[in-house]
Amino acid sequence: MENPLVITSSPHLHCGMSTKGIMLDVLIALSPAAVASVLLFGWRAAAVIIVSVASCVTSEYLSRIVLKRPQSVGDLSAVVTGVLLAFNLPVSIPLWQAAIGGVVAIVVVKQKFGGLGFNFVNPALVGRIVMMSSFPKEMDNWVLPLLGSAADAKTGATPLYTLSQGAETTYNLKDLFLGIRPGCLGETCVLALLLGGIYLVIRRVISPTIPLVYIGTVFIMTWLLGSDPVVHILSGGLMLVAIFMATDYTTSPINTAGRVVFAVGCGLLTVLIRRFGSLPEGVSFSVVIMNILVPLIERATRPLPFGEKRRLKHE
Amino acid sequence: MDIKYREAFTKGIIKENPTLRLVLGTCPTLAITTAAINGLGMGAAATFVLVCSNIVISLMRKMIPDKVRLPAFIVIIAGFTTIVQMIVKAYTPSIDKALGIYLPLIVVNCIILGRAEAYASKNSVGLSALDGLGMGAGFTAALILMGGIREFLGKGTIFNWPDGGLIPPITIFVLPAGGFFVFGILIWLTNRLSVKLDDDASRREASANVCAACPSAALCHQGTENSIAGLADAAITEKEADTNE
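Line by line, the protein sequences give chains A and B.
So for the first sequence, this note's numbering puts the first residue at 659; every next one is plus one.
So for the second sequence, this note's numbering puts the first residue at 13; every next one is plus one.
Take every hint as true, because none was put in to throw you off.
Heads up, simulated DSSO-like pairs for lysine-lysine below, C-alpha to C-alpha not over 30 angstroms straight-line:
| no. | chain 1 | residue 1 | chain 2 | residue 2 |
| --- | --- | --- | --- | --- |
| 1 | B | Lys167 | B | Lys109 |
| 2 | B | Lys74 | B | Lys23 |
| 3 | B | Lys208 | A | Lys770 |
| 4 | B | Lys16 | B | Lys27 |
| 5 | A | Lys770 | B | Lys167 |
| 6 | A | Lys770 | B | Lys23 |
| 7 | B | Lys208 | B | Lys27 |
| 8 | B | Lys109 | A | Lys795 |
| 9 | B | Lys167 | A | Lys795 |
| 10 | A | Lys726 | A | Lys770 |
| 11 | A | Lys770 | B | Lys27 |
| 12 | A | Lys726 | B | Lys208 |
| 13 | A | Lys678 | A | Lys770 |
| 14 | B | Lys208 | B | Lys16 |
| 15 | B | Lys134 | B | Lys74 |
| 16 | B | Lys23 | B | Lys134 |
| 17 | B | Lys79 | B | Lys134 |
| 18 | A | Lys726 | B | Lys27 |
Worth flagging that the hints you see were computed from the coordinates, not collected in a lab.
Values in this document were obtained by computation on a predicted structure and should not be read as measured data.
Between the sequences and the hints, there should be enough to build the whole structure, so can you do that?
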């Protein structure tokens, strides 16, 4: 996939970015959260990540062969999908179920629509949603982190679940920031996720628009609705999804105006689901719904060519 | 003549499979295929109505005025649907319960009205009966296949056996979303199969025709089946290569 289409006349400068390079940067950015997940939840976290990645890479490799398309497993995008999927699973998930999630994400969502760049929704998020409807019991089994609690593998309610029941959360802000709370593998340690996000912004892999607007919208909306906004933005999968998944190139708008609309929509839906829906957390559904709306957002925010007058509505 | 009758029956099974190729009757297909036994019940009921209504409509095709043909067809179909509904209620109440509203809704099943309009109103009684039987068989086979896949993956059982299930259930397959997944994948596979069958048939035909029409067929020694088929193969791979680009 090293850019087969090159049409050129003048000497052009190539910025040197390649799909593989970008994916490598994303993996580097994800590594602090991966380390944190192993520290917090033990070695089983590493096993879940490895199984999920292996399943995604194998699915990618085999489906390219079956579909008779050029092999694309080398661009590392399947590895990123695998890591992101694992980050969205609880540590106690049976490993074969994690593998099925990887197959769904790659085969059904990505390769059947044409591979990298053609998937209309985020593969890892749909993998998670399919697993939530397929294995409701296993996907709702939250374990307290090993750090900060004496007994190991104790189950506990997630902060958002407590909030959705109308009770005050018992976790203090420092624990929430460091990730010492029950939750999915990669979503708990906000510190590690922020480090990764800053790395991506510095490397110019992502623009900070979507994460900032998304998290900001959730902050303002929860504040207006009378909840504790700081607890809300530090809980659930918001940081992980806003930084690493809502910013996926294929499924987010290309210009800043579109990105703002997209991110505000994600934020509004997240708060609405958290506050009024039957599920305690709604980031995956909100991002997938906004993914589907991206073509419409793009059409509405198409920039005007320089010098052209805005057309009158009557025409 | 013989081939015509065979064709009337067999085309409904793969080539013009009502659910998977013509994509008719998707509403009952998606709704009731949570178990293989439901697919069997629904398929059998629809086949009965299809065969009977095809026969009666074919018998009456010269009497029914063109302008009111749809109401006339529906009245006939509704009559047979009522019969089948009463039979199912009386003899297999469990299937009646599982199929629910979809049993009386056979009346508006697109497959039945579609065959009446497209086939039975234009063809003889014998052909129409065979057409109904073939279409019904295709519908039933598709429903059992889809119900079987969804039941096995979603509940771990095959025709409700064994009680505990053979594999741990993946609940999404018995939910509507899983129905769409399985339906889509089956349509894809049937299309591939059907295109392949068509290709093989037309290739054979083409190679036979090319030589028959050629004035120098008698002089030509290369007109063997193999070489022509090889040429056709080469042309097709070339076409595929073009579209891939």
